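Could you build all of it, start to finish, from the sequences and the hints given here?
Listed below, chain by chain, are the residues.
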Amino acid sequence: MVSNDYGIFANELVYGYGSGLVLNGATVALKQGELYGLLGKNGAGKSTFIRALCGFMKPASGEIVVAGVDVMKDPVSLRRHIGVVSEDVEVYEKLTAVEFLVFAGQMHGLAAKEARARANELLAMLELSAAADRAIHGFSLGMKKKTAFAAALIHTPSVLFLDEPFNGVDAASVRELCNLLLWLTSERGVTILLTSHVTEMIQRLCTRVEFLIDGKIVNEETARDRYEESLGHNASLEDLLIAISIEGNATRQGIGFWS
Amino acid sequence: MSFWQPIGVLLALRFAMAKTEFKNNPTAQLGSILMTLTLAVSANGMGRALAHEWRRASPAVAVTSLEGVLMVVAGVLAVGCLMPGMLSMMGGLPPEAILKPFSITRLERLCAELLACLLDIPTVLAILTVQPLCVQLMHANHFAAAIALLTGTLLIALITGLCIRGAAYLGSEVMRRFHRAVEVSLVTTLLFVAVSIAMPPAFAALTNPKVAGANHPNLQSETGPFRTISPMHLASSCVVSARGGDNTDAAESLCMLALEAACLLGAAACISCRPAPLANIGNRSGFGTAGTYKRNIRQMGALRMPGNRLQLCALFVTDLKLMLREPLLFIGLRRPAAIILVGFFALLAPDLGQNPVYSVKEILCLTATIYPFLWQLQLLCNRFGADAGKAALLFGFSLNRHWLIVGKNISLFTMLMVINGGSLASLAAVVGSSHAIGPILLRLPTILILATAVGNVVSVLLPFSIPRSNGKEEDPPNTLLGTYAGIIAGIALLMECMMPITGDAALTHLQSVVLVLGLYTASVLFAARKLMQTERAMIGILDGGR
Numbered sequence: 000m001v002s003n004d005y006g007i008f009a010n011e012l013v014y015g016y017g018s019g020l021v022l023n024g025a026t027v028a029l030k031q032g033e034l035y036g037l038l039g040k041n042g043a044g045k046s047t048f049i050r051a052l053c054g055f056m057k058p059a060s061g062e063i064v065v066a067g068v069d070v071m072k073d074p075v076s077l078r079r080h081i082g083v084v085s086e087d088v089e090v091y092e093k094l095t096a097v098e099f100l101v102f103a104g105q106m107h108g109l110a111a112k113e114a115r116a117r118a119n120e121l122l123a124m125l126e127l128s129a130a131a132d133r134a135i136h137g138f139s140l141g142m143k144k145k146t147a148f149a150a151a152l153i154h155t156p157s158v159l160f161l162d163e164p165f166n167g168v169d170a171a172s173v174r175e176l177c178n179l180l181l182w183l184t185s186e187r188g189v190t191i192l193l194t195s196h197v198t199e200m201i202q203r204l205c206t207r208v209e210f211l212i213d214g215k216i217v218n219e220e221t222a223r224d225r226y227e228e229s230l231g232h233n234a235s236l237e238d239l240l241i242a243i244s245i246e247g248n249a250t251r252q253g254i255g256f257w258s
Numbered sequence: 000m001s002f003w004q005p006i007g008v009l010l011a012l013r014f015a016m017a018k019t020e021f022k023n024n025p026t027a028q029l030g031s032i033l034m035t036l037t038l039a040v041s042a043n044g045m046g047r048a049l050a051h052e053w054r055r056a057s058p059a060v061a062v063t064s065l066e067g068v069l070m071v072v073a074g075v076l077a078v079g080c081l082m083p084g085m086l087s088m089m090g091g092l093p094p095e096a097i098l099k100p101f102s103i104t105r106l107e108r109l110c111a112e113l114l115a116c117l118l119d120i121p122t123v124l125a126i127l128t129v130q131p132l133c134v135q136l137m138h139a140n141h142f143a144a145a146i147a148l149l150t151g152t153l154l155i156a157l158i159t160g161l162c163i164r165g166a167a168y169l170g171s172e173v174m175r176r177f178h179r180a181v182e183v184s185l186v187t188t189l190l191f192v193a194v195s196i197a198m199p200p201a202f203a204a205l206t207n208p209k210v211a212g213a214n215h216p217n218l219q220s221e222t223g224p225f226r227t228i229s230p231m232h233l234a235s236s237c238v239v240s241a242r243g244g245d246n247t248d249a250a251e252s253l254c255m256l257a258l259e260a261a262c263l264l265g266a267a268a269c270i271s272c273r274p275a276p277l278a279n280i281g282n283r284s285g286f287g288t289a290g291t292y293k294r295n296i297r298q299m300g301a302l303r304m305p306g307n308r309l310q311l312c313a314l315f316v317t318d319l320k321l322m323l324r325e326p327l328l329f330i331g332l333r334r335p336a337a338i339i340l341v342g343f344f345a346l347l348a349p350d351l352g353q354n355p356v357y358s359v360k361e362i363l364c365l366t367a368t369i370y371p372f373l374w375q376l377q378l379l380c381n382r383f384g385a386d387a388g389k390a391a392l393l394f395g396f397s398l399n400r401h402w403l404i405v406g407k408n409i410s411l412f413t414m415l416m417v418i419n420g421g422s423l424a425s426l427a428a429v430v431g432s433s434h435a436i437g438p439i440l441l442r443l444p445t446i447l448i449l450a451t452a453v454g455n456v457v458s459v460l461l462p463f464s465i466p467r468s469n470g471k472e473e474d475p476p477n478t479l480l481g482t483y484a485g486i487i488a489g490i491a492l493l494m495e496c497m498m499p500i501t502g503d504a505a506l507t508h509l510q511s512v513v514l515v516l517g518l519y520t521a522s523v524l525f526a527a528r529k530l531m532q533t534e535r536a537m538i539g540i541l542d543g544g545r
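Top to bottom, those sequences are chains W and H.
Those letters in the first sequence? Residues 0 to 258, per numbering that gives the first Met the number 0, in order.
Those letters in the second sequence? Residues 0 to 545, per numbering that gives the first Met the number 0, in order.
Bear in mind the hints are in silico, worked out from the structure with no lab data behind them.
All of these numbers come straight from a predicted model, not from anything done at the bench.
Backbone N, C-alpha and C fix where the C-beta goes; we use that ideal spot for every residue, glycine too.
Careful, some of the hints might be misleading.
[Unchecked claim] Derived DSS-like pairs: lysine-lysine, alpha-carbon spacing no greater than 27 angstroms straight-line: (1) H:Lys320 - W:Lys112; (2) W:Lys72 - H:Lys320; (3) W:Lys57 - W:Lys215.
[As the list claims (entries may be wrong)] Derived, one-sided and incomplete: chain H residues facing chain W with beta-carbon distance under 10 angstroms: (4) Cys254; (5) Gln310; (6) Ala390; (7) Ile538.
Spelled out as structure tokens, the structure:
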């Protein structure tokens, strides 16, 4: 039985594309109000892991409980407790920003008036008020990300999954989003699972950082031990991630055909 | 680099794009081959019938009949240009974003556009149509008339191609400028409906003065300015004059025709050389003002769950908005608009005999009926397909899956009811069967509900991703085509079974309503249950297995 203290609990998840295993016994347990950072090289399976936790795909085996809901048994009920910002921005681009947020709020059970009020507040906070009535289609990537972020927050979820949420977002907005994430975890007890390639950000924000290596979750200490010989004791998180990413691959200098 | 090299590259690029579209689109591939072959036979047959009629025709009748045939040729050309991948081998002009980095001048683009018009399949069909008459004229030593006929046909091909491509280009600019497909679609549809209703009597008089004269006496001697300067009339007058030895008149008509083509070319050159593309205007306004920031998000109230009614309403409204704003529907509307154009030219087509092979009219009418149905079938039987790339977003909401299906059904039903009801009522009015409008509108909901019920089941069993990002829709894979054909037969069979109980009596009508609603409810229950089991797999299929 999983304790109710856990916002996210996943045990021994196994999932594979084709012949290879993307998740090979991935296990993670996040307490409520924890801001957790997951790092890994491109194609390590971070997005797949998040999709499995959200109930968007079914792992071959394993156990997942998010916000007290057994994801394997009842993925639909889970949706009202979670907010998701995926790497590929998922928004209806032909709607205006405010239309999309009101729709998202209503679909999560809010009354139209309440949804509109929340949408306006979120848009103001994310500095999107001026573009509220413009079709998302014409937004930049950063603006789309911020709109998706607002949609993920509109129904006050208790767990947030953020997959590369800062891609394309300008520096000022990144800072505001970071402050918001800290406020959500410390003041509102929201559990957040965050992936990003900006290690500096992860290091500054997260209470715990772990790595997804070969389909398994490896904590920072273990990873440091593994690469201690090549990196030394005081290696930064970025150095550690680079060491994990280029393992076994020789670095190349220049382009062969460019003579 | 020579002047012709970039033009050749552009043509090759267009051909490659059309080829890729064919490759990705098996239905279009099959449809194009069948349609091209059928139209080629039909066009040549029509040409032979015309040549036969010309042997004994007076100059006035000769002008009218050739004008009618050229009008059909222009109609086929227009439809061919509107539907790249169906009749057009040369496809559309590559997008501005692709061409921008290369040093291709606007003049070269225009030349490539002209060559594409002249080298395309519709032009070949036009040549095939006039070929028998051309051969006959040469056998009779009317070489000047034969050359005039060929030149006139090519100029008509050029004019029609330029007009249609220009209209399509301006339409896409308007679309990009306003980001609103609804108004454009509505105006386009209304325009075509208005043209369909208003123009046939006038053109019937044009193509068959005797028949029209009985109904429209004022049109019997119609030789107004519109007719005398139309490219078809000029071309046919030119040929008839050349056959009669009146070379001055022939040259005059041909010069007028060439002048029209030159004016259009000039207009096309002006449009393509304009300083700033309309598409950029929408992005000029500034964005983002400081000062609206609030440091802390307000503590939001607890979730209120007023039941599924509100969510259903939100889903219905948003789904309808998306369908109206997405290019998918715009394409869907553009195609019926093209079909209305086909129907319009079918009405204009002269009656050239009882042999169905010689009559383009029947073929065009058949196409006009089948094509919109196939388009709608894809929306009905693949209800979640249009959410490709956004399936995780849609299924990310906690709305009960029964209501999710019902919400999407209501929006599609509303849209198809309006489109089909409007089109069928307009068609009935055009053919003079206004009394049929009532029964059509009464029967349509039953048919649509039945089709929706079947569609619900198929949608969850055989989901197929319809990509929307580049404004193009794909046809389902070959394996699904057989299933769709079976569904057509199934719906027809179901309707056949329903017919005896859909009489006028209140009791039987009530029975039919109960039966239809029962079938629909059963389909929703089954589809929702299946959806809950296969939702995660569907997300994988629709979102590309991410």
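Hint-by-hint comparison with the structure:
1. H:Lys320 - W:Lys112: Within the cut-off at roughly 19 angstroms; holds.
2. W:Lys72 - H:Lys320: Measuring from Cα to Cα gives roughly 33 angstroms; hence the hint is violated.
3. W:Lys57 - W:Lys215: 17 angstroms, holds
4. Cys254: Status violated, d = 48 angstroms.
5. Gln310: 5 angstroms, holds
6. Ala390: At about 9 angstroms, which falls below the 10 angstroms cut-off, the nearest Cβ of chain W leaves the hint on Ala390 (chain H) intact, so it holds.
7. Ile538: OK, holds: Ile538 (chain H) within 10 angstroms of chain W, min 5 angstroms.
Hints 2, 4, counting from the list given before, are not met by this structure.
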